[in-house]
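*Asks:* Start from chain F and add chain C with the ligands according to the hints.
Listed below are the residues making up each chain.
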Amino acid sequence: MSIFDDAKQAAQGLVQAGMAKAVALAPDSWVPGGKPDPLIRQRHGAIGKPVSRLDGALKVSGKATFAAEFPVEAMTYAAMVYSTIAKGRITQITVSEAETAPGVVVVMTHRNAPRLNPPPAFLSESKAAAGDSLPVMQDERIYWNGQPVAVVLAETQEQADHAASLIRVGYEAEEAQTTFEAAREQGTQQSRFMGQPLHDEVGDAQDAFAKAPHKIDATYTTPRHNHNPIELHGVTLYWRGDGSLRVHDAQQVVAHTAYTLARTFGIDEKQVVVTSPYVGGGFGSKTLWQHQILAAAAARLAKRPVRMVLSREGVYRVVGGRSPTEQRVQLAATDEGRLTAILHRGLTVRTAHNVIAEPFILATRSLYGAETFLLDVHHVDFDMLGNTFMRAPGEAVGTFALESAMDELAHELGIDPIELRIRNEPEKDPISGLPYSSRNVVEAWRSGAERFGWERRNPVPGTVRDGGWLVGMGCATATYPYHRMPGGAARITLSADGRATLDLAAHEMGMGTSTAQTQVAADRLGLPMEAITFNYGDSTLPGLIMAGGSQQTASIGASVIAAYNKLVGELLKLAGNDSPLAGLKTEEVGSRDGGLCALDEPDRFETYASILARAQRDTISVEAEPPMPLETMHWSMHSYGAMFAEVRVNAVTGEPRVSRFLGSFDCGRILNSKTAASQFRGGIIMGLGLALMEETQFDERKGRVLNPSLSEYHVPVHMDVPEIEVMWTDIPDPHAPMGARGIGEIGITGTGAAIANAVYNATGRRVRDLPITLDKLL
Amino acid sequence: MTPFKYTRASDAADAVRKGAATGVKFLGGGTNLVDLMRETIERPGELVDVSGLSTEIVETDEGGLRIGAGVRNTALAEHRRVRTAYPMLTRAMVSGASAQIRNMATVGGNLLQRTRCSYFYDEDGSRCNKRVPGEGCDAIEGFHRGHAILGASDACIAVHPSDMCVALAALDAVVHIEGAKGARTVPLVDFHCLPGDRPDIETVLEPGDLITAVELPPMPFAAASTYRKVRDRASYAFALVSVAAAIEIEDGQVRDVRIALGGVAHKPWRATRAEAALRGAPAGETAFAGAAATELAGARPLADNAFKVRLAERTIVSVLCELAGVTA
Ligand SMILES: Cc1cc2nc3c(=O)[nH]c(=O)nc-3n(C[C@H](O)[C@H](O)[C@H](O)COP(=O)(O)OP(=O)(O)OC[C@H]3O[C@@H](n4cnc5c(N)ncnc54)[C@H](O)[C@@H]3O)c2cc1C
Ligand code: SF4
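The listed protein sequences derive, respectively, from chains F and C. Here my numbering is used: position 451 in the first sequence is 470, and no number is missing along the way. Here my numbering is used: position 196 in the second sequence is 586, and no number is missing along the way.
Careful: at least some of the hints might be erroneous.
[Stated by the list, open to error] These stretches of chain C come out as covered by chain F in the derived footprint (C-beta under 8 Å, 3 or more residues): (1) 501 to 515; (2) 525 to 539; (3) 616 to 624; (4) 696 to 703.
[As the list claims (entries may be wrong)] In the EDC-like style, the derived pairs of lysine to aspartate or glutamate whose C-alpha atoms are separated by at most 20 Å in a straight line are: (5) Lys721(F) to Asp694(C); (6) Lys721(F) to Glu531(C); (7) Lys395(C) to Asp180(F); (8) Lys721(F) to Asp180(F); (9) Lys795(F) to Asp694(C); (10) Lys721(F) to Asp590(C); (11) Lys415(C) to Asp590(C); (12) Lys395(C) to Glu177(F); (13) Lys721(F) to Glu525(C); (14) Lys721(F) to Asp514(C).
Hints listed in this document are in silico derivations from the structure and should not be mistaken for laboratory results. Glycine included, every Cβ here is placed at the ideal spot set by N, Cα and C.
Pulled out of the complex, with its shape left as it was, chain F reads as follows:
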């Protein structure tokens, strides 16, 4: 049963497709970004500076308050019991021992949980945030192995944990769909992404492939991954006397979560306030899962505040991860290495209760100028925890397949892999036909190759040795699209003492957003950074701004531009005829030195203080929304990177280790060189984990995760991470706010393939199945 309506998505997709044609043909000036953001020209402000994170000192001194640290009177602490079958029903649940255990306030099961509406699943509507649309503890049904079946509230965490261990649950298991092979036999379905089918055809790719003189046909597999942000998913919440719900959460979608909680509890959206000032990493996982809903339900039952912090195991049971993929890539080329066909098709896993299929063909859509394409994603539905997005969903694993295949082709043709990529550089987007807004990947390749010392690579695999280690170099293209979701908004409040406050429901998950956006606001308003207060992480603030899809920078940027333009208009009105600015139009005015000036005549200037004083105002506050993000239907907008890895493989044991890495990026203008470098490096480290070690052990017999801990689920430790060099073109994208495209996810793309290709160069072994563990190299 699909609670979520795929047909509705399909219909939305058709409307969008129709609109896309019209927008593609519209004149530039009608489209957001058609007129470059004036800040792009400004080169001497705060933008680009390596400003240290403004919240750094608070964090290292323990003064930044995270969701599970807010003190509340009369708090109760929650623990959960998770199902041990994948599908079926609870036949018996014995809670008497738990109820009488010391300190227990209440034990909640489906028998006494408040009645709730099913939460709308993420992306099923614009404000939806839930991991899936399943009813939460409403009956005895079990939908996945790990589903919460009981919540204990107690006076201390230890008492809650103990009482939870006393609950006994009996199940009647039904046959569950938890194996790839069985699910495939039942039939696969067309996958969609944001409403559109994940299927593209240009020309007759099958035919071109059949006729080509050189071809690669290989299947690549990637495993399931789980989210492991350092901060566990925690929430502190309580109901107020007026029936409203106050939530301190770890969040990357505060406004979406407030809306979805309101829908679930059948109350008005305004009655739910979600704040999240600090987040210890999200990567796509800090959205709404059952634990927040259950915490709120239990709080209502107990009439007490609740703190619920998932254990690390709990995160694996309740918070979805990245689905496994099986991807077949076929490449066809001429003798000169021109691609005549790219076929990239495959299968992934989803649940029937959410709409997220790992869209691994996205990068392939616009990376190379092949003559023909056949791209497709199908999925099978599992009885499992709803999967979700994890850093660069689609691109992270899709580029592993595509870029490994490109390396195989380069080898087959005897052409240098960088040269092969450059030969297939497209003039316009090969599938949409749109012009690129800004694409300088060739420059990234050339400068990166020089810096890395690519010319020292021996193209013959297995020939370079250093003591007991086989040494190899590999490269791959990184790419991630520019996104901007609809729904942004911002409020700017300017006061006569020369300070400005920006309010947006945006997020700081540790990546430096608040710092970089303070730099941007300072330049935009012509104020020093110290004069800017940037408020975020609060669902009562304007905007529906997701910290995901690397789109937050653009979304905040466009929202602040809209608010700024409105502010300038209002100020010009207040300035009136006695001002040096009299007669100027909004678009003729910019900011400098705490005031407004004519863009062409900077001496025509008046300070904000002076304008406000004359108008006898202490403050002025405006709020505005940016136009719809039509720019992505008018230009093909993407970030790029050239990734270089040097790998050592132990000649005796096969242990693979990365000894050097360089990422050369083309991501538009870099807003803060320090936080950006950290983002790139962080993505590359996660990509290193994807290449060499990350893997969820999902026991298909039971649909159960068997390594829900950081000791058994391997992510890179310090010794696995070599010196990582990052560099960038810093060429502004003329059609993006501030000239900047997002940088949060691109680092993990291409990295897996660069490492796999280096392993091949070192050993002559092509590993097409991630992670590349030593047993595959022995």
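*Replies:* Same frame as chain F, but now just chain C with the ligands:
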């Protein structure tokens, strides 16, 4: 976690007295026991802290070392005599866990740490003969890439995870025990058990037995010994295979040799067959490879851990070549 009482033993006799009651467990650094208590796999009613009892490392009259059971892993690894006379032990220690865990963990606790088999840890959701004898073993047809290739049974294929114990097995270490019936010693190689049909019985200890020390006999040729750990990441991972070895060569012949393997069995695996094959043989790759093959001839791998057989052989050969100064 189940509520428990915490007390401290004043001396070994006090510990043995307290330990005799049912539901009592000794506490070392707690890095393994407390984890297992959190998972409710262990539910002691009382913890008797013995970590402060015997924290000294002293030289024995014979010229060996007597290491108190309460010595922290870091202190043992750093000890000057250990580093010079038994370097394989230092290498084994520092390749285990993380610096923080080693600062807490004791020698006694390290000997008794339990397997990391995922099904053993999954108390709610999986069957495990080690937790519930007779229940079945979910690992045999499940994830067993890290599991045993030597000495396993139909009941259990788990491995002993310790690095330290592999070196101790190679160094002929002896475990000092105090129990209700007095003091006794057991060679380390006989201390841990193979799983047989009772994988819940992991050592020869009787209920209430206290480990007081581990003794290393003098072994001059161990001064050039080493430990090699093969794992899935550069640090903070358990061994897929590890090799502790020392070799004494005279006139190109192997006079004496010690080899122990980790990550391959329910106990630290002393490679007695390989050692026997090597004594008196010419020190060279051919003999090393032959000896390794002899030892691994008894391997019974499963689908996903078959690679360990070759890995163990190759690692043994490589380590011996390195110690013998010959190229592989
Ligand atoms: C994440 C992680 C990674 C790890 N990685 C490694 C690794 O790579 N290699 C490795 O070798 N180890 C590793 N370890 C395990 C670590 O070495 C052990 O946890 C540690 O050695 C146990 O020592 P302890 O003093 O903390 O023991 P405790 O946890 O205190 O006790 C363990 C057991 O020993 C018993 N005990 C303790 N002292 C005595 C005594 N004197 N007499 C009788 N019984 C006693 C206790 O009752 C208990 O049953 C890792 C552990 C963790 C948590
Ligand atoms: S291998 Fe041993 S420890 Fe693991 S599940 Fe089987 S019986 Fe339990």
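*Asks:* State for each hint whether it applies.
*Replies:* To see whether the hints hold, each was checked on the structure:
1. 501 to 515: holds (count 7)
2. 525 to 539: holds (count 5)
3. 616 to 624: With 5 residues closer than 8 Å to chain F, the region 616 to 624 of chain C meets the three-residue bar; holds.
4. 696 to 703: With 3 residues close enough to chain F, the hint holds.
5. Lys721(F) to Asp694(C): 19 Å, holds
6. Lys721(F) to Glu531(C): 12 Å, holds
7. Lys395(C) to Asp180(F): 17 Å, holds
8. Lys721(F) to Asp180(F): Status violated; Cα separation ~25 Å.
9. Lys795(F) to Asp694(C): 11 Å, holds
10. Lys721(F) to Asp590(C): 24 Å, violated
11. Lys415(C) to Asp590(C): Holds - the C-alpha atoms of Asp590(C) and Lys415(C) are around 16 Å apart, at most 20 Å.
12. Lys395(C) to Glu177(F): 14 Å, holds
13. Lys721(F) to Glu525(C): 17 Å, holds
14. Lys721(F) to Asp514(C): OK: Lys721(F) and Asp514(C) at ~13 Å, within 20 Å.
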